[in-house]
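Novice: Work the whole structure out from these sequences, hints included.
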Amino acid sequence: MPNLIERQRHIIDFTLSSLLRRKGKNCALLLVYTLIVFILASVLFFTHALKREAALLLNEAPEIIVQRTLAGRYQTIPIAWSDRILKINGVISVRPRLWGYHFDSAFKANYTLTVPAGNPPQQGSIDIGSGISMMRGANRGDIIAFTGHDGIPRSFKIRNILEHESQLLANDLILLSEEDYRDFTGIPADQATDLALRVRNSREYGIIAEKITRIYPDTRPIVRTEILRTYDALFGWRSGLLIVIFSAAILAFVIFAWEKATGLSAEERREIGILKAVGWETSDILLMKFWEGTVISLTAFLVGIILAYLHVFFTSSALFAPVLKGWSTLYPAFPLTPFLDLGQVATLFFLTVVPYTITTIVPSWRAATIDPDAVMR
Amino acid sequence: MISARGISKVFNHGLPNEFAALHPVSLDVSLHETTVLKGPSGSGKTTLLGLMACMARPTSGRIFLNEREITSLPERFLTEIRRSTFGFIFQQFNLIKGLSALENVMIPAYPTGEKYSILRRRALESLEMFNLGQRADARIEWLSGGEAQRVAIARALINNPAIIIADEPTSHLDSIQSREFIDIMTDLKAKGRTIILASHDPIVYDSGLADRVVEMRDGRIANEIKSS
Numbered sequence: 043m044p045n046l047i048e049r050q051r052h053i054i055d056f057t058l059s060s061l062l063r064r065k066g067k068n069c070a071l072l073l074v075y076t077l078i079v080f081i082l083a084s085v086l087f088f089t090h091a092l093k094r095e096a097a098l099l100l101n102e103a104p105e106i107i108v109q110r111t112l113a114g115r116y117q118t119i120p121i122a123w124s125d126r127i128l129k130i131n132g133v134i135s136v137r138p139r140l141w142g143y144h145f146d147s148a149f150k151a152n153y154t155l156t157v158p159a160g161n162p163p164q165q166g167s168i169d170i171g172s173g174i175s176m177m178r179g180a181n182r183g184d185i186i187a188f189t190g191h192d193g194i195p196r197s198f199k200i201r202n203i204l205e206h207e208s209q210l211l212a213n214d215l216i217l218l219s220e221e222d223y224r225d226f227t228g229i230p231a232d233q234a235t236d237l238a239l240r241v242r243n244s245r246e247y248g249i250i251a252e253k254i255t256r257i258y259p260d261t262r263p264i265v266r267t268e269i270l271r272t273y274d275a276l277f278g279w280r281s282g283l284l285i286v287i288f289s290a291a292i293l294a295f296v297i298f299a300w301e302k303a304t305g306l307s308a309e310e311r312r313e314i315g316i317l318k319a320v321g322w323e324t325s326d327i328l329l330m331k332f333w334e335g336t337v338i339s340l341t342a343f344l345v346g347i348i349l350a351y352l353h354v355f356f357t358s359s360a361l362f363a364p365v366l367k368g369w370s371t372l373y374p375a376f377p378l379t380p381f382l383d384l385g386q387v388a389t390l391f392f393l394t395v396v397p398y399t400i401t402t403i404v405p406s407w408r409a410a411t412i413d414p415d416a417v418m419r
Numbered sequence: 625m626i627s628a629r630g631i632s633k634v635f636n637h638g639l640p641n642e643f644a645a646l647h648p649v650s651l652d653v654s655l656h657e658t659t660v661l662k663g664p665s666g667s668g669k670t671t672l673l674g675l676m677a678c679m680a681r682p683t684s685g686r687i688f689l690n691e692r693e694i695t696s697l698p699e700r701f702l703t704e705i706r707r708s709t710f711g712f713i714f715q716q717f718n719l720i721k722g723l724s725a726l727e728n729v730m731i732p733a734y735p736t737g738e739k740y741s742i743l744r745r746r747a748l749e750s751l752e753m754f755n756l757g758q759r760a761d762a763r764i765e766w767l768s769g770g771e772a773q774r775v776a777i778a779r780a781l782i783n784n785p786a787i788i789i790a791d792e793p794t795s796h797l798d799s800i801q802s803r804e805f806i807d808i809m810t811d812l813k814a815k816g817r818t819i820i821l822a823s824h825d826p827i828v829y830d831s832g833l834a835d836r837v838v839e840m841r842d843g844r845i846a847n848e849i850k851s852s
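Chains as they are written, first to last, in this note's numbering: chain A, 43 to 419; chain B, 625 to 852.
Be aware that one or more of the hints could be misleading.
27 Å max Cα-Cα, derived DSSO-like pairs, lysine-lysine [said to hold, decoys possible]:
id : chain 1 : residue 1 : chain 2 : residue 2
1  : B       : Lys850    : B       : Lys813
2  : B       : Lys850    : A       : Lys67
3  : B       : Lys739    : B       : Lys850
4  : B       : Lys721    : A       : Lys65
5  : A       : Lys199    : A       : Lys150
6  : B       : Lys721    : B       : Lys739
Here are the in silico distance ranges between beta carbons for each label pair [claimed, not checked]:
id : chain 1 : residue 1 : chain 2 : residue 2 : range
7  : A       : Arg64     : B       : Lys739    : 26 to 32 Å
8  : A       : Arg64     : B       : Pro698    : 31 to 37 Å
9  : A       : Phe391    : B       : Asp842    : 57 to 63 Å
10 : B       : Asn636    : A       : Arg64     : 28 to 34 Å
11 : A       : Gln50     : B       : Arg803    : 38 to 44 Å
12 : B       : Lys739    : A       : Leu73     : 52 to 58 Å
13 : B       : Gly769    : A       : Leu349    : 44 to 50 Å
Some chain B residues flagged as far from chain A (calculated, every beta-carbon gap over 10 Å) [as the list claims (entries may be wrong)]:
id : residue
14 : Pro640
15 : Ala644
16 : Thr736
17 : Met753
18 : Gly757
19 : Arg779
It is worth saying that the hints were derived from the structure and are not from the lab. Cβ atoms here follow ideal geometry from the backbone N, Cα and C, with glycine treated the same way.
Specialist: Structure follows, in structure tokens:
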């Protein structure tokens, strides 16, 4: 047993010195490999973080939302419709909601205005998200002004700065009282933005939605599971943009690995021949190549993952954001909540480290199985 | 004793560029003896040397090492025999560039799993034996031809082999360095090693080192001279 350990040690020593001897080539290899892992990991982290933010948001969303449409376009819904909808079997509660967006032209930012279901601020005061607080330099107790629908500014006192597990949910949020909301947006007292329904049995979502459209044909019920599917289509790995980036990175990796699989320099072949001639077994050479592949791929993998983590969660995906976010409603910029999914890391590991290590061994195996007398000729 | 019985070697068998490097030959090499295979380039001496040293398998015929038939042994066993029984000195030295003289000497012993400190000490002693102690940490490409040759000899001896195999060992050395090489081999012979050399250099086959000179031509044994 000590011999086996010592033998491994010798071979690892030799591998490391081999890597150092070909510094230039191996550094270039490491750089390309790290870049590919970085791109793959960034895409995975970024999409997963967005999906997670969305999932957190949807956790608190009602089972069914009923909107009213006019000629296919959204419009406010009469609060009186709640009574009839509540009578449908399976509906536990119906809550008219008041919410919308406000564009702050001074800061070129879009805010989400909401009247909360519980503990709304008193008239004249508001709660704001941490993003707005930072951008406007406003803190608890300060007075802040926004221009209403009629062009007249309204002042509010800040009651709280909102902190939330999901940055996406809280960052651009303004909570205000119903009176202030109606005054600010001009929505009449008998109208709401939409109706939020609580339904006990998830298997009844479809039936209830159907009944609502039968009673009010100009409504559009949105079931929570549909929203989840939409988010998945947008941010899942199969979505268009992501598949393009992901495929490009995978293709680059395949070309890179193929080059390794088919190429072994004359010098490397000669070295393998010498090692065999002086008494190294084929398995010793494969072990050496295995360690070589492992050192390079593990280093690239770890560095790539760490860089991707920093890129996504500490620079807000500076390289991808302009392309991937793409929706104006994501202003003000929000940092994603750092989160590492071990399943994803494992997937990436098996997509990169394992194939690379194998492609390092294959050409060496071919070279190591030739007769050692080749070095004598 | 190494016994080759009717061994031949054909390269690129069945291809348009098929080439018979060695026609069936038989040869016995006694232990503790020095045998020189002599002949011009392409006479088959390197091929015969490689076959006897388990570096390749013959196309036909059998080889016995101390009466054990080794031709049909699996690759693993051949490697083990190569490592423990033979020490190789190649024509081009075949040292690994970028590594130090010391590391080059230690390489054949790596698969044995010998403790690093012991192996290092033995390799240093071996280098010192050839007056290369001071050059142990020097990279191979910084050494002169004679020094590189001596490193190659030290490497050949690291696993304490019974048989030394040298292929055209003086082809890259000047006359003085060639004579130094003969002196080293004479010393090793005196210590009981079996030596088999392939060479077409008169300094080698005319020296008092050889007990036996086997002359080869066109892949066949042409003549054999035994020194008295």
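Novice: For each hint, tell me whether it holds in the structure or not.
Specialist: Taking the hints in turn, this is what the structure says about them:
Taking the CA atoms of B:Lys850 and B:Lys813, the gap is near 16 Å; set against the 27 Å cutoff, the hint holds. Restraint check for B:Lys850 and A:Lys67: the C-alpha separation of about 53 Å exceeds 27 Å, so the hint is violated. A threshold of 27 Å between alpha carbons decides the hint, and for B:Lys739 with B:Lys850 the separation of about 43 Å lies outside it, so the pair is violated. With a CA separation close to 14 Å, the supplied pair B:Lys721 and A:Lys65 stays within the 27 Å bound.
Taken as a hint, the A:Lys199 and A:Lys150 pair is honoured in the structure, with Cα atoms around 22 Å apart against an allowance of 27 Å. For the given pair, B:Lys721 sits about 24 Å from B:Lys739 by alpha-carbon distance, which is consistent with the 27 Å threshold. Separated by about 28 Å at the C-beta atoms, A:Arg64 and B:Lys739 satisfy the suggested range of 26 to 32 Å. At roughly 33 Å, the beta-carbon separation of A:Arg64 and B:Pro698 lies within the given 31 to 37 Å, and the hint holds.
Evaluation of the 57 to 63 Å hint for A:Phe391 and B:Asp842 yields a pass: the beta carbon distance comes to about 58 Å. Taken as a hint, the range 28 to 34 Å holds for the pair B:Asn636 and A:Arg64, whose Cβ atoms sit roughly 32 Å apart. One distance hint, 38 to 44 Å for the beta-carbon pair A:Gln50 and B:Arg803, holds here, with the actual separation near 43 Å. Checked against the given bound of 52 to 58 Å, the beta carbons of B:Lys739 and A:Leu73, roughly 37 Å apart, lie outside it.
Separation of B:Gly769 from A:Leu349 is about 48 Å and conforms to the stated range, judged on CB atoms against 44 to 50 Å. No Cβ of chain A comes within 10 Å of the Cβ of B:Pro640; the nearest lies about 19 Å off, and the non-interface call holds. Taking the minimum C-beta to C-beta distance to chain A, about 15 Å, the non-interface status of B:Ala644 holds against the 10 Å cut. In this structure B:Thr736 is not separated from chain A by more than 10 Å, as the shortest Cβ-Cβ distance comes to only about 7 Å.
Every beta carbon of chain A lies more than 10 Å from that of B:Met753, the smallest distance being close to 19 Å; the non-interface claim holds. Consistency note on B:Gly757: stated as away from chain A, and its beta-carbon is indeed over 10 Å from all of that chain's, at 21 Å minimum. Residue-level check failed: B:Arg779 sits 7 Å from the nearest beta carbon of chain A, not beyond 10 Å.
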